[in-house]
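Chemist: Chains as they are written, first to last, in the numbering used here: chain A, 83 to 315; chain B, 14 to 239; chain C, 352 to 597.
Calculated from the structure, these hints are not laboratory results.
Any given hint could be a false lead.
The list that follows gives simulated cross-link-like pairs (lysine-lysine, DSSO-like), each with its CA atoms no further than 30 Å apart [claimed, not checked]:
(1) C:Lys505 to A:Lys205
(2) C:Lys596 to A:Lys100
(3) C:Lys505 to C:Lys580
(4) A:Lys261 to A:Lys205
(5) A:Lys100 to C:Lys435
(6) A:Lys100 to A:Lys147
(7) C:Lys506 to C:Lys580
(8) C:Lys506 to A:Lys100
(9) A:Lys116 to C:Lys505
(10) C:Lys505 to A:Lys261
(11) A:Lys261 to C:Lys506
(12) A:Lys260 to C:Lys435
(13) C:Lys435 to A:Lys205
(14) A:Lys205 to A:Lys260
(15) C:Lys580 to A:Lys100
Which residues of chain A face chain B? A few of them, derived with a C-beta cut under 10 Å, are [what the hints assert, rightly or not]:
(16) Ala138
(17) Gly160
(18) Leu168
(19) Ala292
Fair warning: this is a prediction, and the values are worked out from it, not measured in the lab.
We put the beta carbon where it would ideally sit given N, CA and C, even for glycine.
One-letter residues, chain by chain:
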Amino acid sequence: MPDDRLSPILRLERVSRKFGPIYALRGLSLTVCKGEFIALFGPNGAGKTTLLKTIARILPPTAGKLEFCKEPMGRSVGYVSHRSLLYADLTGLENLLFYGRLYDLPDPSTAARHMLRKLDLEKAQDQIVRTYSSGMRQRLALARALLHDPELLLLDEPYSGLDRHGSRVLLELLRDLKKEGKTVLLITHNLTEGLEVCSRVLILRDGELALNRPREEISAADFERTYFQSVDG
Amino acid sequence: MLRPLRIIFRIAEKDLRIEFRNRQAFLTVLFFAFLILVIFKFAFDPGEETVGGAISGILWVALLFPGVIQLNRSFQQEMEEGTLFGLLLAPVDRSWIFLGKFAANSVFLLAVDGLILLAFLALYNITARIELLWLAPLVALAGIAFCAVGTLFAAMVSTIRTRDVLLPILLFPILVPVILAAVNATREILEPVEAGFFANWVQLLAACCVIFTAGAFVAFEYVVGE
Amino acid sequence: MTGRNELGSQLARAGTCLRRAGWLLVPLYALIAAALYGAFLYAPTERVMGEVQRIFYFHVGMAWSAFLAFFVVFVAGTAYLITKDVFWDQLAAASVEVGVVFTTIVLTTGPIWARPVWNTWFPWGDPRVMTTLVLWLIFIAYLILRSSLPDAEKKYRFCAVFGIIGFLDVPIVWMSVRWWRTIHPVLITPSGFEMEAAMFYALMVAVAACSILLTVLILLRTSMRLNSKLLQEIRQRSLEERREKG
């Protein structure tokens, strides 16, 4: 269904966001199509997280327009942030059950257990999250974001805190999502792993898009050079 | 129709479950309140019966001031791992989040206050009388008004470094009518007067309770998120 | 991106505030002169309280204006929440600043008058006195809250909410103190003297003078605040332009 894949699900038109007098995003325009897997690179402070939060509709843009082509899109956004978004004093299962009920899942219990199995956390499901290792926590954060089977997944540096095993689980998960035709926007500093899965590459610098190309047009070897070129100006 | 109620219940239940699992905070707040009762007791002669206006003031300091700690904690917890952000991401109205947090805070505070009330009656040698039962609705009304405004302001100061000092500074001036009504009504219970105004004070408390809860409910929309 | 137009309109508004304040200067000086004449020469000396009662004209004038300032905070806060226009926030902040100064003057002139007349510095239990005191506390808390938040849209929103709640709290405080008073009878009534016609006229002029003074100060502060914001914006923008060039 190539036609379906090309249909845009999200459009940003000259979106700006200011914090006080400082710009985080400057007139950024972007169209995201269904099934795309976008890797978003950029130095610290480039506005990557702000962009994700704007898309998640947590931050209203100061100027410009944010448009979802299929409502209600707000519900089907999954978000993995720097922080785990988990309650440290609840168990893994309780966390997922709580969020499942917030998202009004028909059967939160089955969904929660399914996700725990998928992310290899079954054994730890009745442990309090405070006792988790950072890798387990990160995987549970992913489970939380995927729990309601979102159409659009926003990942903010999901590799940080993951050990080798965790990275592999994540990579497989991302491949699965790609196969399922989910749309993913991934922020990462990890150039190789980001490039491996994505279908489009964005580089954000000072709140503007410095690069927006399909993956095929860029070779992995060239990319690093392109990245540093565009970042250094 | 019932979905908001269900979500509010879930949020409150989650908070109380965490509190129950981690009883330390409850005990700390309780101990702080108890300490206030004991310290003020030193202001009176050991042999003397202490009844009257002053001790109703002391009682209300012990009932409300420690509550500030809990209000700040309740949002601190949500900030720590970004869970407030998680709540905002979910298809949940901001006002439901408010009501959930508000309900949990109220249950917490009323549980502390129930125990403190008993400690007060014992420490200050209050003879058991049937009229003392009137203290229960007073504490409930004032506690709920306190938690409504407190939950709103706690959300407001949750990102500020000096929130622990800031919250009482914002909260108590606004709550002057509640405190005035509560202290004076308590005084009339402890020291019955012929032509009292007890009913008026309770009415005022009830009115404050409704007005503050409604106000905080409306205003919460504006104080969460960026 | 916000264009030059927005900067221009901000600059124009700061200028308008300043100009309005300028227009009011002539009536302000005239009224202050008239109020001084009215309070110290025209109005007769009060028979019982003596000369000290003359502070009353400015005490009441300031109290009325302070209340007006907090009403402006309420209106501007509401306008901010509806329009999200920074101007309203700056107006509210300016009104709180001036209002707190005026309230401080009220709470200082009050005791000066009360001590010799009623033998107490502070007549607790009077609804007017208590409400003024609570207003003072609330809006000092407002200023502390304001200075604790980083300068962004969130700060304006929080301050608007707090200012509105603070103002709406006033009638409830008033009611509760009035009840408190009826229950515990207070022997002194702050306005317990007969006002002669001349005193009334002097009072009216003093109230008008204080209100105009308040308006001028709020306009000046608002204009100053808008200008300093503008300066910040321009500095940021010049950084932007340098960035774009190089």
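Chemist: Now, for every hint given, state plainly whether the structure supports it.
Modeler: Hint-by-hint comparison with the structure:
1. Of the pairs offered as hints, the one joining C:Lys505 and A:Lys205 is violated, with about 43 Å between alpha carbons and a cut-off of 30 Å exceeded.
2. At roughly 21 Å between alpha-carbon atoms, C:Lys596 and A:Lys100 fall within 30 Å of each other, so this suggested pair holds.
3. Our distance criterion of 30 Å between C-alpha atoms is met by C:Lys505 and C:Lys580, whose separation comes to about 16 Å.
4. A hinted pair counts as satisfied when its Cα atoms are at most 30 Å apart, and A:Lys261 with A:Lys205 qualifies at roughly 27 Å.
5. Between A:Lys100 and C:Lys435, the direct Cα distance comes to roughly 14 Å. Compliance with the 30 Å bound is thereby established for this hinted pair.
6. A threshold of 30 Å between alpha carbons decides the hint, and for A:Lys100 with A:Lys147 the separation of about 14 Å falls inside it, so the pair holds.
7. Restraint check for C:Lys506 and C:Lys580: the C-alpha separation of about 14 Å stays at or below 30 Å, so the hint holds.
8. For the proposed pair C:Lys506 and A:Lys100, the alpha carbon gap of about 14 Å is at most 30 Å, so the pair holds.
9. Proximity of A:Lys116 to C:Lys505 is assessed by CA-CA distance (about 34 Å); at most 30 Å being required, the pair is judged violated.
10. Taken as a hint, the C:Lys505 and A:Lys261 pair is broken in the structure, with Cα atoms around 41 Å apart against an allowance of 30 Å.
11. Using a Cα cut-off of 30 Å, the hinted pair A:Lys261 and C:Lys506 is violated, with the two alpha carbons roughly 44 Å apart.
12. A threshold of 30 Å between alpha carbons decides the hint, and for A:Lys260 with C:Lys435 the separation of about 41 Å lies outside it, so the pair is violated.
13. Restraint check for C:Lys435 and A:Lys205: not satisfied, since their Cα atoms lie roughly 50 Å apart, outside the 30 Å limit.
14. A hinted pair counts as satisfied when its Cα atoms are at most 30 Å apart, and A:Lys205 with A:Lys260 qualifies at roughly 27 Å.
15. Proposed proximity of C:Lys580 and A:Lys100 is supported: the alpha carbons are some 14 Å apart, at most 30 Å.
16. The restraint placing A:Ala138 at the interface with chain B holds, with a minimum CB-CB distance near 6 Å, inside the 10 Å limit.
17. Look at A:Gly160: its Cβ gets to within about 9 Å of chain B, closer than 10 Å, so that hint holds up.
18. Using the Cβ-Cβ criterion of 10 Å, the hint placing A:Leu168 at the interface with chain B is satisfied: the shortest such distance is roughly 6 Å.
19. Nearest Cβ of chain B to the Cβ of A:Ala292: about 25 Å, over the 10 Å cut. The hint is violated.
This entry does not satisfy hints 1, 9, 10, 11, 12, 13, 19, going by the numbered hints stated previously.
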